[in-house]
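**Q** Which chain is which? The protein sequence lines are P, W and U, in order. For the first sequence, the tail end lands on 251 under full-length UniProt numbering, and the numbers increase by one without skipping. For the second sequence, the tail end lands on 225 under full-length UniProt numbering, and the numbers increase by one without skipping. For the third sequence, the tail end lands on 495 under full-length UniProt numbering, and the numbers increase by one without skipping.
Since the hints were made in silico from the structure, they are not lab data. Any given hint could turn out to be false.
Quick list of simulated restraints, FRET-style, between CB atoms [said to hold, decoys possible]:
hint : chain 1 : residue 1 : chain 2 : residue 2 : range
1    : W       : His217    : U       : Thr172    : 38 to 46 Å
2    : P       : Gly104    : U       : Thr462    : 55 to 63 Å
3    : U       : Ser481    : P       : Glu174    : 34 to 42 Å
4    : U       : Arg415    : W       : Glu13     : 23 to 31 Å
5    : P       : Ser11     : U       : Thr17     : 49 to 57 Å
6    : W       : Arg32     : U       : Thr17     : 43 to 51 Å
As a list, the in silico SDA-like pairs of lysine to any residue whose alpha-carbon atoms are at most 25 Å apart [as the list claims (entries may be wrong)]:
hint : chain 1 : residue 1 : chain 2 : residue 2
7    : U       : Lys424    : U       : Lys386
8    : U       : Lys297    : W       : Glu198
9    : P       : Lys5      : P       : Ala179
10   : U       : Lys48     : W       : Glu198
11   : W       : Lys9      : U       : Gly406
12   : U       : Lys40     : W       : Lys9
13   : U       : Lys476    : P       : Pro161
14   : U       : Lys386    : U       : Gln313
15   : U       : Lys414    : U       : Glu316
16   : P       : Lys132    : P       : Leu45
17   : U       : Lys476    : U       : Lys414
18   : W       : Lys68     : W       : Ser24
19   : U       : Lys386    : P       : Gly155
20   : P       : Lys132    : P       : Ala176
21   : U       : Lys48     : W       : Glu114
22   : U       : Lys418    : U       : Gly455
23   : W       : Lys73     : W       : Ala210
24   : P       : Lys5      : U       : Trp56
25   : U       : Lys418    : P       : Trp81
26   : U       : Lys182    : U       : Thr193
27   : U       : Lys482    : P       : Ala179
28   : U       : Lys414    : P       : Leu45
29   : U       : Lys297    : U       : Glu88
30   : P       : Lys141    : P       : Ala208
31   : P       : Lys5      : U       : Glu59
32   : U       : Lys48     : W       : Glu44
Here a beta-carbon is modelled for each residue, glycine too, at the ideal position from N, C-alpha and C.
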Amino acid sequence: MTPVKFYPSKSEKVYFFGTCLVDLFYPQAGLDAIRLLEREGIEVLFPEDQTCCGQPAYTSGYQQEARAVATAQLDLFPKPWPIVVPSGSCGGMMRTHYPQLFAGTDRESQANEVAGRVYELTEFLVHVCHLKLEDSGAPEKVAMHTSCSARREMGLAEAGPALLAQLGQVELVEQARGAECCGFGGTFAVRHPEVSAAMVEDKTTAIAEAGAQRFVTSDCGCLMNIGGRFEQQHTPVQGEHIASYLWRRTS
Amino acid sequence: MRARDAILKRLRERADGPLSAPDSDFAVVTNRGWSAEERLARFEHWITSVHGEVIHTPHETWTDTLTKVLADKGMRRLALGKQHSVAVEARRALAGAEVELVDVDRDIETWQREQFESVDAGLTSTRGAIAETGSLWLWPTPDEPRLISLVPPIHIAVLDADTLEDTFFDVVKAHGWAGGMPTNALLISGPSKTADIEQTLAYGVHGPRALVVLVRHATTQAEGA
Amino acid sequence: MSLQSHDVRPQGVQTYTPREFHHQAHDALGNPQIRANFRKAMDGLMTKRRDSFADWDLETLRELGANIRLRALAKLPDLLEQLEANCEANGIRVHWAEDGEQACRIIREICESHDARSVVKGKSMVTEEMHLNAYLEQAGIEALESDLGEYLVQLNEQTPSHIIMPAIHLNTDEISEILHDKTGTERTRDVDTMTAAARQQLRERFMAADVGVSGVNFAVAETGTLCLVENEGNGRMTTTVPPVHIAVTGIEKVVEQLRDVPPLYALLTRSATGQHVTTYFNMISSPRKEGEHDGPKEVHLVLVDSGRSRIYQDDELLDTLRCIRCGACMNHCPVYTRVGGHSYGTTYPGPIGSILSPHLMGLEETKDLPTASSLCGACGEVCPVKIPIPDLLVRLRRESVGEGRGNVPGAGVKRTRKEAAAWKGFQWLATHPAVWRAGTSVPGKLRALMPAKLGVWTDYRTAPKPAGTTLHALVKRHQASKSHQPNNKSHEEEP
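Isolated chain P, as found in the complex (with noise of 0.2 Å):
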């Protein structure tokens, strides 16, 4: 879906664009990612005035809302650096929707610019930083689940595999139907909550069938639905967000 992309080289400086909702529900997760890249020698800005791409009210139809809410983030990009996003869900609605969001408004081309220049992390780090690993962690099973959005809005399906697999005690296992969706959604989880219950059971049952004890995703919402289900289950998987997990075992 999306076009082939050409990555430029390794930039001196990145905007980290946090996301609503690691900001209030997985901090360490941002912080996490934000260590990373300055590993690689990179100077993170983290705008202060950062708050949600506007997504939850796209989505739900809610344009006016959501353009206000994605207005108030365009101004905060102002010099070329690549803009990294630690979600392919709100990385995709800033890189495919905005444009769409700002057609035919007077902020168009600055959106289209700020497009451009958005990275979901993973990909940053495959694709722009050429992210070299060292794994000090114990041996461990672990599913990988890449969200619908990083897998189908910004076609990075193999983008946090090939990171995984650069961690030698750890082995990727193959969950059954992995490129399904876990039922998140945003609001879909809310508003049709059986039928995403039954898409998170498959996934849960997917994830522990293949053996995982663990599970990383590069998006919260997929870790908040998918982790809140094992919780609830009492099932002994742990969720983490891929930047967590490269940080914890690497540093």
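Place chains W and U on chain P using the hints.
**A** Quick look at chains W and U alone, frame taken from chain P:
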């Protein structure tokens, strides 16, 4: 014609303005460049994968093959045309055989129940075939009407190997279909089938349960019909 | 043009309505048989589709498919006129219908002009859309479905649950019971035996039918040709055996040229069922000609609008009309896979149904459908003509809450003061960074957005726990600790 004019008017006075039509590049459905052997291999692979039977025969002895197929399958009544060389040769070869030949140059209204209930097989010529999908193409004629490839339990189709082409697109183009279509043009790729009962394949649901393709190969002097 | 112009809901037939999506989905989710049938079927279809495209440059082929459909839509009024002219020149009589009711009436009148009492049908979604069977029934004309799946569903007094595989919700045992109860067929688990029984039953009906009614997969303007794609042969029977053939199609099914057909056919069969080709590709260009011995003496084509010309007006919504009805979007939809086709309560279920039905039935009736998607994108990824289904779902969500262009009937019907206020609240919060940064109090405020509904989250999962701190706070601390190291000083004037 009120509805017609109203619909066309709405379409013509489109609110968001006229649309521009893109050009199409058809390269992806043509230019396969297969050799005759490859074409034949692909045709056979695909049509047998959907339960079609392929029997190769030298052109000059094809009616012997036909006779044998009919005998092997216990066919007693065979529907076929009169004018196409396939029908002419088959009639000649089967004249003394046990198989009863059923004329099809009759309006269907006069023999519908007979066709539905007491014909064992239909024999037809084909105009050619498509390697990419394992499909025969037929343009039924008064001599070989539409239903004889559909109603009898077995359809025997005669194909000359040298009429195989690569793709459907190639056939449409090479034979100038757009210049004049017959009443009915058909691609047939195997016997009738269904998977409507729990995705289990079953053959012969409405049409023939078997499709036998006699592929005639030209020998040194013999030419395709 | 009215929506739901004629309510001839099939009598005695088990009906579903999109208004009851939640209840119907609830029932389906709780039915292990339904869940298992769909999961098994969809898993198989996804694998087969993938394998069938293995040797293809699929992206290029999809690009061509989309391009052909776009070209046809760009020239739609001209092509419809050309189609009409060429069909008429070939002897096919062309009728136009503003909506389903008009189409039903046209079909009934043709039937009546032949004193027809018995109609046999090949698979046609557009006639499902207009409840043709029930309409004809009321006019004293029996309409019998001949596609095996449709036949079984009709015997079971249901409607199809999938556009390509109508009886996909039934398993072998259930079908055996249906055939036993309704036709006296001996109970069996043998699919060949059941198929043979249905063949026998339907052959009698083909012979007796006065009229055959079919759909159309592609109508070729250039030659006035109607193309039908099928495996069973019932489509050929329907269009060849009865003395009159009526083909019914939406106005968007037209393509410009004959050469446009092979790429679309290649995409259709592989996307739908993973077949490299179907058994029959049946191209009809005229009624029986002088000297020909079979085929219908009369062929009619009914072109149905039913809201399509309204969809046509809008640049974004237009993409909906590219659809070639393969069903790949439903086969790959994690929601459809779990709730099945009937839950949607519409003729077209799954993702394509959720972007098409609101135009046909109005948003009031269908307001729960555009939200019945996690926007996972699987549908758009497999669509053979590259319809941006997720974007269209979002567009319809906008229309539902009155923030679209108002080009969909029932626009704004889902907007409630409470929800609108909640999103205004979200907007306010997210555009006041200082308040946002106030930190831990924010999650509480966000949760207040949907107080009544967030509770359902915890029926199946533990509640999300707001962290004790925020990323904003962590970053501040992190930067402070770094700034003690002189070599890390930022040269940037920003944060």
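**Q** With reference to the structure, classify each hint as holding or not holding.
**A** Results of checking the hints against the structure:
1. W:His217 / U:Thr172: 38 to 46 Å: 43 Å Cβ-Cβ, so the 38 to 46 Å window holds.
2. P:Gly104 / U:Thr462: 55 to 63 Å: violated, 43 Å
3. U:Ser481 / P:Glu174: 34 to 42 Å: holds, 41 Å
4. U:Arg415 / W:Glu13: 23 to 31 Å: At roughly 30 Å between Cβ atoms, glutamate 13 (chain W) and arginine 415 (chain U) fall inside 23 to 31 Å, so the hint holds.
5. P:Ser11 / U:Thr17: 49 to 57 Å: holds, 55 Å
6. W:Arg32 / U:Thr17: 43 to 51 Å: Since the Cβ atoms of arginine 32 (chain W) and threonine 17 (chain U) sit about 49 Å apart, the hinted range of 43 to 51 Å holds.
7. U:Lys424 / U:Lys386: Cα-Cα ~34 Å, so violated.
8. U:Lys297 / W:Glu198: The given pair, whose Cα atoms are some 37 Å apart, is violated under the 25 Å limit.
9. P:Lys5 / P:Ala179: Holds: lysine 5 (chain P) and alanine 179 (chain P) sit about 22 Å apart, inside 25 Å.
10. U:Lys48 / W:Glu198: holds, 15 Å
11. W:Lys9 / U:Gly406: holds, 21 Å
12. U:Lys40 / W:Lys9: violated, 47 Å
13. U:Lys476 / P:Pro161: violated, 31 Å
14. U:Lys386 / U:Gln313: holds, 19 Å
15. U:Lys414 / U:Glu316: holds, 21 Å
16. P:Lys132 / P:Leu45: holds, 22 Å
17. U:Lys476 / U:Lys414: violated, 42 Å
18. W:Lys68 / W:Ser24: At roughly 49 Å apart (the allowed maximum being 25 Å), serine 24 (chain W) and lysine 68 (chain W) break the hint.
19. U:Lys386 / P:Gly155: holds, 16 Å
20. P:Lys132 / P:Ala176: violated, 29 Å
21. U:Lys48 / W:Glu114: violated, 40 Å
22. U:Lys418 / U:Gly455: Satisfied, since the Cα-Cα distance of roughly 17 Å is no more than 25 Å.
23. W:Lys73 / W:Ala210: Cα-Cα ~10 Å, so holds.
24. P:Lys5 / U:Trp56: holds, 23 Å
25. U:Lys418 / P:Trp81: Status violated; Cα separation ~40 Å.
26. U:Lys182 / U:Thr193: The given pair, whose Cα atoms are some 16 Å apart, holds under the 25 Å limit.
27. U:Lys482 / P:Ala179: violated, 40 Å
28. U:Lys414 / P:Leu45: Given pair lysine 414 (chain U), leucine 45 (chain P) is violated - Cα atoms ~41 Å apart, limit 25 Å.
29. U:Lys297 / U:Glu88: Satisfied, since the Cα-Cα distance of roughly 14 Å is no more than 25 Å.
30. P:Lys141 / P:Ala208: OK: lysine 141 (chain P) and alanine 208 (chain P) at ~11 Å, within 25 Å.
31. P:Lys5 / U:Glu59: Judged against 25 Å, a Cα distance of about 16 Å means the pair holds.
32. U:Lys48 / W:Glu44: Answer holds: lysine 48 (chain U) to glutamate 44 (chain W) is near 20 Å, not above 25 Å.
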